[in-house]
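Q: Which chain is which? The protein sequence lines are A and B, in order.
Everything in the first sequence is counted per the numbering used here, starting at 1 for the first residue and increasing by one.
Everything in the second sequence is counted per the numbering used here, starting at 1001 for the first residue and increasing by one.
Everything labelled a hint here was simulated from the structure, so no lab data went into it.
Accuracy of the hints is not assured; some may be wrong.
[Stated by the list, open to error] Covered stretches of chain A, going by a simulated chain B footprint (3 or more residues, C-beta under 8 Å):
(1) 46 to 56
(2) 209 to 215
[Claimed, not checked] Straight line, CA to CA, 25 Å or less: simulated SDA-like cross-link-like pairs of lysine to any residue:
(3) Lys1210(B) x Met174(A)
(4) Lys1210(B) x Gly76(A)
(5) Lys248(A) x Asp1035(B)
(6) Lys248(A) x Gly1077(B)
Remember, it's a predicted structure, so these values are computed and weren't measured experimentally.
Where is the CB? At the ideal position from N, CA and C, for every residue including glycine.
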Amino acid sequence: MSEKAKENCRIVSQTCIGKDIYSMWLQTDKIAQNARPGQFLSLYTRDGSKLLPRPISICEIDKENSRIRLIYRVTGKDTGTEAFSRLHANVPVETLGPLGNGFPLEEARGKKVFLMGGGIGIPPMLETAKQLDAEKTMILGYRDELFLNEEFKAYGDVYVATEDGSAGTKGNVMDSIRENALDAEVIFACGPAPMLRAIKSYAEEKGIPCWISMEERMACGIGACLACVCKSKDVDSHSHVHNKRVCKDGPVFLSTEVEL
Amino acid sequence: MSRMNVNLAGVELKNPVMTASGTFGSGMEYSEFVDLNRLGAVVTKGVANVPWPGNPTPRVAETASGMLNAIGLQNPGIDVFCERDLPFLQKYDTRIIVNVCGRSTEDYCEVVERLGNEKVDLLEINVSCPNVKEGGIAFGQNPKALEAITKEVKKYAKQPIIMKLSPNVTDITEMAKAAEAGGADVLSLINTLTGMKIDINRRTFALANKTGGMSGPAVKPIAVRMVYQVANAVSLPIIGMGGIATAEDALEFIMAGATAVSVGTANFFNPSATEEVVNGLEEFLAKNKIEDINELIGVVK
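Construct the complete structure from the given sequences, taking the supplied hints into account.
A: Set out below in C-alpha cells:
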C-alpha cells in the first residue's frame, strides 16, 4: 500500500546548531524505513491557531533505529518552527511522511557529482551524500555562520562560500565553483530560488544534467490542494496544464523541466 | 446502530459527511488516509469545460486558525476528469458530487450537460469562488444573475443541482431564495470569505492574487449563522460547511439546519478528518440514544 504514514513521532533529541538553526531527531514507526534522500516530512504544530503542516526536508535517515533527522530554521517570532524549537526530548510530534520524490541517486551513481546546498537547503544534501555512491564534491553556501559543513567531510571534498566572506569563498556557491575551478557531470542542488536559478543556468549552459529541489507554500503536502505548483515545461500529469506539484511531483525536478 | 442516512433531493447518502470541494482533489490522494467507502459523498474539486492553469503562486497563506487560498480553480478539464477521476471514484461505495466551475453560463452548461451521461449523483455549481476574475462569484453575488444561471443550468442537468453560495454578500437569504426560485434542488454554504494578508517584511501581499478565500475553524461561527439563516428562509436541503474539523462542529451545522456537512480545510491538517467526523457522529448518536440523525436537523430554532 501507501508509503506515506501519519505518525506521532517522539523527539529523541533536539539541539540548536547555529543561530535559529535546530537539529531534531525523531523516532518514527515506518517513516524512516520508507524515506529517501531529498524527500520531506510535514510536521504539525499542536497550536490550533497554526493549522497547516510545516514541510521540512529530511537531513538524515537512520533505518536501523527507525529515526529521522530534521534540520530547520526558526523563521520568526510566534511561528510554527519556533514552537518546534521549544520541544524537548520525548515530546510527540505529529508527522506525515515521507513526502515527495527525492533525488534520483541512480542518475549520478559512479559519476562526478556536485552536491550543492544553500542555507537551509543544505541539510537534505547530507543524506544524499551518505547514500550516493559517486565522486562527490559538496559546495555549501551560507550567509555568514557555518553549520553542518563538518559532517559532510566524511563523504568527499567540501567547499564553502559565505556572503560576508567569513569562511571559504566570499560570495555564493557559483563563485566557489569558479574560484576553485570545480567541475561535475551531474548536479544535485537545494537552496533558495536565486541560487537554484544560477545553478540551473550554469548546468544548462554546460549541458550538465541537474536536479534541483524546489520550495513553495504548501497546504495539504500530498498533491490534492494544488497550492504548491511550479511552472513546468511539459504538461503536468494532474491538471494537464504546465503546473507540476512541488509536494508530489517534486520537490526534486530536472532543471530543464521547470521554470523559476 | 443509529440511522445515519440522509436524503438530498432524492439521493440517499449513507451518512451526512462529505468533502468540501477543492480540499480533497478527486479523492485519490486522500484515499491513502481515508476509507472513501465510509463517506456519505465525495465532492470533487471544481471542473471546467477545459483545463484551467489557476493563479500564480504563492497560492496559500496561513492565518490565525484559518488560511487563505487563491488556487484559482486549477483543474484538468472535463475530458480528463471523466476518463481518470470519475472511474476512480466509481470504484467506491460513496456518492459522487461533481463541483462545476465556469467563466460563462455556457461553460457551466457544457460541463453539466456532459456529466448528464456519467454515473454522478449530484452536481454542485460553483458560483461563489472568489479567486477567478470571470464567472465564479460574479454569478453568486447578484440574486438576479444567480436565479438566471440556476435556471439555465437546470435546463441541461440530469442530476439534482446544488448551488454553492458565497458568504460575501449583504444578505445570504436573498441569494438562497434566488437559487430556490431558479430551481435549485440543494444549497451548499459557505464558500470562502474574501480576505487579504500582507507580508510586512516583503511589503507585499502574502498571496500573488492579492486576495484569497478564507477558510478553516476561524470562519465556523459565520458559517453556522448563515446556515441557520438560510435554513429558516428556504425549504431546500442544505449542505453546511465552513471550518468543520470534528463531529461536534458538524453537529452545530446539522442542528442549525444542515442536512449534510462538508469537511474542507481540516483535511489539510488532519488527512483522516472526514472519517473521524463520521465516527464521531456515530458515537454521539449512540451515546445520546438518538435513533436517527435526521431528528437533529434544524432542532435549534
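Q: Against each hint, give a clear statement of whether it holds in the structure.
A: Right, here's what the structure says about each hint:
1. 46 to 56: holds (count 6)
2. 209 to 215: violated (count 0)
3. Lys1210(B) x Met174(A): 34 Å, violated
4. Lys1210(B) x Gly76(A): 23 Å, holds
5. Lys248(A) x Asp1035(B): 21 Å, holds
6. Lys248(A) x Gly1077(B): 20 Å, holds
In summary, the structure is inconsistent with hints 2 and 3 from the numbered list given earlier, while agreeing with the others.
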